[in-house]
Amino acid sequence: MRDDLINIYKDAPAIFETIREEIGKVVVGQKSVVEQILVGILAGGHTLLESNPGLGKTLLVKTIASTTGLNFSRIQCTPDLMPADITGTTLIEEVEGSKMFRFEQGPIFANIVLADEINRASPRTQSAMLEAMQEKQVTVGKNTYKLEAPFFVLATQNPIEMEGTFPLPEAQLDRFLLKVFIDYPSSEEEYEIMERYTGHAEPKVERVITRRELLSLQQLTRDVPISDDLKRAAIKGVISTRSWDGVEYGVSPRASIGLILASKARALLAGRDYVSRDDLEVMAYPILRHRIILSFDSERRGVTTDQVISDILKSI
Amino acid sequence: MDGSYEFLADLRRLLGVYRWFEQSLYLLNAGIIASLIYIAALFLGIPAFFKFYWQDSFFAAAPAIFSLILGLLGAKLLGQWSKSDLFAHLDESLSEETKAAYDNRDSDSVVMRSLAEDVKMRLSKVGAIDLINNRRLNFGDKSVPIFQAKAAAMVLLLTFAVIFSQSQAGEEISPQPFKSLTDLRDRAADLFGEEELPEEGASGQEISGEIYGKPSLAVLEEVNLELVLYPGSAAGFRSKETDPMDRLFQTSEPGVGVAVPTDLYIESLPPQHREIIKRYFENLATSF
Numbered sequence: 044m045r046d047d048l049i050n051i052y053k054d055a056p057a058i059f060e061t062i063r064e065e066i067g068k069v070v071v072g073q074k075s076v077v078e079q080i081l082v083g084i085l086a087g088g089h090t091l092l093e094s095n096p097g098l099g100k101t102l103l104v105k106t107i108a109s110t111t112g113l114n115f116s117r118i119q120c121t122p123d124l125m126p127a128d129i130t131g132t133t134l135i136e137e138v139e140g141s142k143m144f145r146f147e148q149g150p151i152f153a154n155i156v157l158a159d160e161i162n163r164a165s166p167r168t169q170s171a172m173l174e175a176m177q178e179k180q181v182t183v184g185k186n187t188y189k190l191e192a193p194f195f196v197l198a199t200q201n202p203i204e205m206e207g208t209f210p211l212p213e214a215q216l217d218r219f220l221l222k223v224f225i226d227y228p229s230s231e232e233e234y235e236i237m238e239r240y241t242g243h244a245e246p247k248v249e250r251v252i253t254r255r256e257l258l259s260l261q262q263l264t265r266d267v268p269i270s271d272d273l274k275r276a277a278i279k280g281v282i283s284t285r286s287w288d289g290v291e292y293g294v295s296p297r298a299s300i301g302l303i304l305a306s307k308a309r310a311l312l313a314g315r316d317y318v319s320r321d322d323l324e325v326m327a328y329p330i331l332r333h334r335i336i337l338s339f340d341s342e343r344r345g346v347t348t349d350q351v352i353s354d355i356l357k358s359i
Numbered sequence: 131m132d133g134s135y136e137f138l139a140d141l142r143r144l145l146g147v148y149r150w151f152e153q154s155l156y157l158l159n160a161g162i163i164a165s166l167i168y169i170a171a172l173f174l175g176i177p178a179f180f181k182f183y184w185q186d187s188f189f190a191a192a193p194a195i196f197s198l199i200l201g202l203l204g205a206k207l208l209g210q211w212s213k214s215d216l217f218a219h220l221d222e223s224l225s226e227e228t229k230a231a232y233d234n235r236d237s238d239s240v241v242m243r244s245l246a247e248d249v250k251m252r253l254s255k256v257g258a259i260d261l262i263n264n265r266r267l268n269f270g271d272k273s274v275p276i277f278q279a280k281a282a283a284m285v286l287l288l289t290f291a292v293i294f295s296q297s298q299a300g301e302e303i304s305p306q307p308f309k310s311l312t313d314l315r316d317r318a319a320d321l322f323g324e325e326e327l328p329e330e331g332a333s334g335q336e337i338s339g340e341i342y343g344k345p346s347l348a349v350l351e352e353v354n355l356e357l358v359l360y361p362g363s364a365a366g367f368r369s370k371e372t373d374p375m376d377r378l379f380q381t382s383e384p385g386v387g388v389a390v391p392t393d394l395y396i397e398s399l400p401p402q403h404r405e406i407i408k409r410y411f412e413n414l415a416t417s418f
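Chain order of the listed sequences is A and B.
Counting in the working numbering, the first sequence runs from 44 upward without gaps.
Counting in the working numbering, the second sequence runs from 131 upward without gaps.
A few of these clues could be false.
Stated by the list, open to error - Subject to a maximum C-alpha distance of 25 Å in a straight line, what follows is the list of computed PhoX-like cross-link-like pairs (lysine-lysine):
(1) B:LYS408 with A:LYS274
(2) A:LYS179 with A:LYS105
(3) A:LYS53 with A:LYS74
(4) B:LYS250 with B:LYS408
(5) A:LYS53 with B:LYS250
What the hints assert, rightly or not - To be clear about the criterion: a stretch of chain B counts as covered by chain A if any three or more of its residues have a C-beta under 8 Å from a C-beta of chain A, and this derived list gives those stretches:
(6) 144-157
(7) 224-232
If you are wondering where the hints come from, they were derived from the structure by calculation, not from laboratory data.
This structure is a prediction, so every number in the text was calculated from the model and none was measured.
Glycine included, each C-beta is placed from N, C-alpha and C at the ideal position.
Hey, can you work out the whole structure from these sequences and the hints?
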């Protein structure tokens, strides 16, 4: 096992480079978004992607799933989607003349689950999914079913001010390790997208990493050393959010854990065997932005959570 | 430092250099602060004052000793204010890397081993001079190592203090308007104009050195004291015909020199200054 880890650790930079290249065949630009999603996968957390429609959220997640040898399922969330549509349901089945109950697994039983437009699902369905995300198990009736590791939910959502959406409650947002914004591509990138998707050739990606390798990389992520100073800085930053001017509710200790794990994952992705301050600062945004609840006055003044995070980072 | 990683040996070596560096910086800071305080004291004339009153005693060196003590205390405070550690003397990436490795020296993992090897390789290339040169003072685009800058500043300040104290001893302390006793005596002879006063040294007693301040007024601790030299007082003084003057304590006939006790005058002075004023008159009188 140790030799395996050593080999995978040695190969890690090449593996990550190949993943980036494969994703790059399909997804144009969005390098920081790709990096943050990979951070989420290495850290074993769920990621919430937010952007306006048509910016390739679903394509990006599908492509990332394709580069790994993991089971992938997609749930298109709609207001009439029921919890059982996600978790699965118990069916009565007739076997050799006798009737038996059989559990039919829902799409949540996969390694990578794409929950498309999660904020279009009803709160009840969201709740069922987020419980599975937290516990990594599904309870149907009296039976509990473990979800196979690794298990990630990559959820996409349109901005909440759009019609026909059910904003995720704050407590449920906290279960996402990262919230990643996808911005519009630059004009050069848009030209490249147009070129790539208006011809006959359809870009295809190859599988470059196995489930076992991914699990090893997740284990290596947790082993990346971080200095005590940076741990203290992370805690200071997290605690600051609870008393920061213009913030109604600060973040939970889950954010400190997430910040350290995500920073370790970023260091490993960068081929570094220690966490730098830069890792901490870069990861603070996707880790904290969906957990900070601004006061009404701050929102009225147009203050954003990213601005608050910038100010907090300057103070630590 | 415990743990079994090899980079810890390099860290120990650098820690020795760092401690020496910190002690040297402490002494340099103390020297700079002490020099600045002593130069300020020179401007205020404090060392000259001490030299004048306690020429042959330990107190003559009091300003220098006091400056040194303040310098040591100041350097101590400065050290506490700008507290740093060995890691701050390494370049930024090496510092982060070494700190992470040091804080995780008790853990054993594939990544930690890789980090330990990397840190050992990088630390082995760091010499004492790199450690010293790494902390720099920036002046716009240019920068100089703090250690060298402080050493140069201290040498300059000490040189200035020595030169300044010598020049002050030669010029400032004996300003032109102040006259020696010899000059005063000559002026007195001109005023009286009756007889030649005995030549200097003829009395067998001579005051070496200078008396500072105008002979009619002494300013001691911001108290103005009138120096009254009564006619006929003290030995060797020449009387002169004057109008009769009423005194509370004595009367005298014009033209007759009478030895006048100065006790009442002396007693009218503040107690702490009596002795010096009395000595002044005694010196003045015996020099004639």
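Worksheet item: When the hints from earlier in the document are held up against this structure, which numbers fail?
Response: 1, 4, 6
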